[in-house]
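In case you want the letters, here they are:
2 protein chains.
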Amino acid sequence: MKLNDRGLLVVISGPSGVGKGTVRKALFSMPKNNLVYSVSMTTRTKRPGEVDGKDYYFVTKEEFIARKKAGKFLETAEFVGNLYGTPLDKVNEQLDLGNEVVLEIEVDGAQQVKKKVPDCVMIFIVPPGKQALYDRLKRRGTESEEVIAERIAKANREFKLAHRYDYIVVNDDVANAADRIMAIIRAEHAKTDRSIHKYMELIEEN
Amino acid sequence: MKLNDRGLLVVISGPSGVGKGTVRKALFSMPKNNLVYSVSMTTRTKRPGEVDGKDYYFVTKEEFIARKKAGKFLETAEFVGNLYGTPLDKVNEQLDLGNEVVLEIEVDGAQQVKKKVPDCVMIFIVPPGKQALYDRLKRRGTESEEVIAERIAKANREFKLAHRYDYIVVNDDVANAADRIMAIIRAEHAKTDRSIHKYMELIEEN
Numbered sequence: 001m002k003l004n005d006r007g008l009l010v011v012i013s014g015p016s017g018v019g020k021g022t023v024r025k026a027l028f029s030m031p032k033n034n035l036v037y038s039v040s041m042t043t044r045t046k047r048p049g050e051v052d053g054k055d056y057y058f059v060t061k062e063e064f065i066a067r068k069k070a071g072k073f074l075e076t077a078e079f080v081g082n083l084y085g086t087p088l089d090k091v092n093e094q095l096d097l098g099n100e101v102v103l104e105i106e107v108d109g110a111q112q113v114k115k116k117v118p119d120c121v122m123i124f125i126v127p128p129g130k131q132a133l134y135d136r137l138k139r140r141g142t143e144s145e146e147v148i149a150e151r152i153a154k155a156n157r158e159f160k161l162a163h164r165y166d167y168i169v170v171n172d173d174v175a176n177a178a179d180r181i182m183a184i185i186r187a188e189h190a191k192t193d194r195s196i197h198k199y200m201e202l203i204e205e206n
Numbered sequence: 001m002k003l004n005d006r007g008l009l010v011v012i013s014g015p016s017g018v019g020k021g022t023v024r025k026a027l028f029s030m031p032k033n034n035l036v037y038s039v040s041m042t043t044r045t046k047r048p049g050e051v052d053g054k055d056y057y058f059v060t061k062e063e064f065i066a067r068k069k070a071g072k073f074l075e076t077a078e079f080v081g082n083l084y085g086t087p088l089d090k091v092n093e094q095l096d097l098g099n100e101v102v103l104e105i106e107v108d109g110a111q112q113v114k115k116k117v118p119d120c121v122m123i124f125i126v127p128p129g130k131q132a133l134y135d136r137l138k139r140r141g142t143e144s145e146e147v148i149a150e151r152i153a154k155a156n157r158e159f160k161l162a163h164r165y166d167y168i169v170v171n172d173d174v175a176n177a178a179d180r181i182m183a184i185i186r187a188e189h190a191k192t193d194r195s196i197h198k199y200m201e202l203i204e205e206n
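In order, the protein sequences belong to chains V and W. So in my numbering, spot 97 of the first sequence is number 97, and the numbers just go up one at a time. So in my numbering, spot 63 of the second sequence is number 63, and the numbers just go up one at a time.
Treat the hints with care, since some could be wrong.
Result set (SDA-like, lysine to any residue): computed pairs, CA atoms no more than 25 Å apart in a straight line [as the list claims (entries may be wrong)]: (1) W:116 x W:130; (2) V:191 x W:131; (3) W:191 x V:203; (4) W:154 x V:203; (5) W:25 x V:179; (6) W:138 x V:205; (7) V:32 x W:176; (8) V:2 x W:157; (9) V:191 x W:130.
Covered by chain V, per the in silico footprint, the following chain W stretches (three or more residues, Cβ under 8 Å) [as the list claims (entries may be wrong)]: (10) 124-138; (11) 145-155; (12) 181-195.
None of these hints come from the bench; they were simulated from the model. The beta carbon of each residue, even a glycine, is placed where N, CA and C say it ideally should be.
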């Protein structure tokens, strides 16, 4: 029996190149989960094959800005001239249904979410060592030395943000990291702050 | 990779009759655990077959009282004229070895432990409803109506202490309750407060 029926807003973040996406994928492939993605809203043009409401919610720049002004986003970001955001109402719908909404986002977005939803679960994914992450960033592609140096500098700044998170999970082994995140989700549901309300009702009733 | 090498002090408590002992046994039978019991110290007479240092540490009343005055117990209790206590040094030895020390104790003792070791993990085991616990207390044995009424009154007082704990775990199914406690232990190790020190070292080193 679960004493907290509402889903959790789980924020997965970490330094660039740590493998957040891989961990998130491993997490979603775990048995008996009730995890859901949050579909982002964007102003960028729909690509062939993309479905509105599934890949993204596609909106005009004007609509996006109006929504942002109205406080309808959990977090927003700009990337090569296009705006991206996590719609608050869609996230709340899922949480009310009892689903855990997982956001895999950059550290800036994570801080925005924490401000809007203080009881979200903030998880910082870290590499087993700095060198492991540097190697990953170098291996990633065909980028110039300059681009790689920039990424390493960014990662070095992001490494120091761990204290802003509730949990630190090492991505030394993807399955292990995903498993630990599942344990965090289970534990968070049992936290007194989240479960005492229903417990008190239970004790009053019968 | 675990970012917290020290074991956790896990306090399992709850209203009388909720089945703390059964949950604790299920917990210890789980695979790949590094849980250890804490052996209590007592002034009661050693019974045939009992081993000093295994079942209990047997000491005289004078020694017990001297140790208590010196602050050498995590918690103490009196039961039918005998004194019982959890020796702090033995607990710390196990925590330093990286073992999780599990204390299954009454609510009064749990509060004493919380005061001495603020970073212990406080878990409150609750029944799926009050009636379920009343039935258990009645089924327990051949006690008089009076004794049963007293126990129910005690449980009713204890029900209300949930807010003093970090987690509330329902004992509707023993395996499920044990499983949730294991998740709590894993999650607690990943908590930023417990893991940031080693993480910062890791990031400095390589």
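Practice prompt. Could you grab the alpha-carbon distance between residue 191 of chain W and residue 203 of chain V and see if it respects the 25 Å cut-off?
Written response: violated (30 Å)
Worksheet item: Can the restraint linking residue 191 of chain V and residue 131 of chain W be considered satisfied, given a maximum Cα separation of 25 Å?
Response: holds (24 Å)
Discussion item. For residue 2 of chain V and residue 157 of chain W, compute the direct alpha-carbon distance and say whether it is at most 25 Å.
Written reply: Given that 25 Å is the threshold and the Cα spacing comes to 23 Å, the pair holds.
Discussion item. Need the status of pair residue 154 of chain W, residue 203 of chain V: alpha-carbon distance at most 25 Å?
Written reply: holds (14 Å)
Item to complete: Quickly compare the C-alpha distance for residue 191 of chain V and residue 130 of chain W to 25 Å and report which way the hint goes.
Response: Holds, at about 20 Å.
Discussion item. Is the listed coverage of the region 145-155 of chain W by chain V valid when you require three or more residues with a beta carbon under 8 Å from a beta carbon of that chain?
Written reply: violated (count 0)
Worksheet item: Taking a Cβ-Cβ distance under 8 Å as contact, does the region 124-138 of chain W have three or more residues in contact with chain V?
Response: n = 6 at 8 Å, threshold three: holds.
Worksheet item: Are three or more residues of the region 181-195 of chain W within 8 Å, CB to CB, of chain V?
Response: This one holds; 10 residues, not fewer than the three required, reach chain V with a Cβ under 8 Å.
Worksheet item: Regarding the pair residue 116 of chain W and residue 130 of chain W, is the alpha-carbon distance no greater than 25 Å?
Response: violated (31 Å)
Worksheet item: Does the structure keep residue 32 of chain V and residue 176 of chain W at a Cα separation of 25 Å or less?
Response: The hint holds at about 14 Å.
Worksheet entry | Holds or violated: residue 25 of chain W to residue 179 of chain V, with C-alpha atoms at most 25 Å apart | Holds, at about 24 Å.
Worksheet item: For the pair supplied as a hint, residue 138 of chain W and residue 205 of chain V, is the alpha-carbon distance within the 25 Å limit?
Response: This hinted pair holds, its Cα atoms lying about 20 Å apart.
Violated hints, listed in ascending order, are 1, 3, 11; each of the other numbered hints is respected by the structure.
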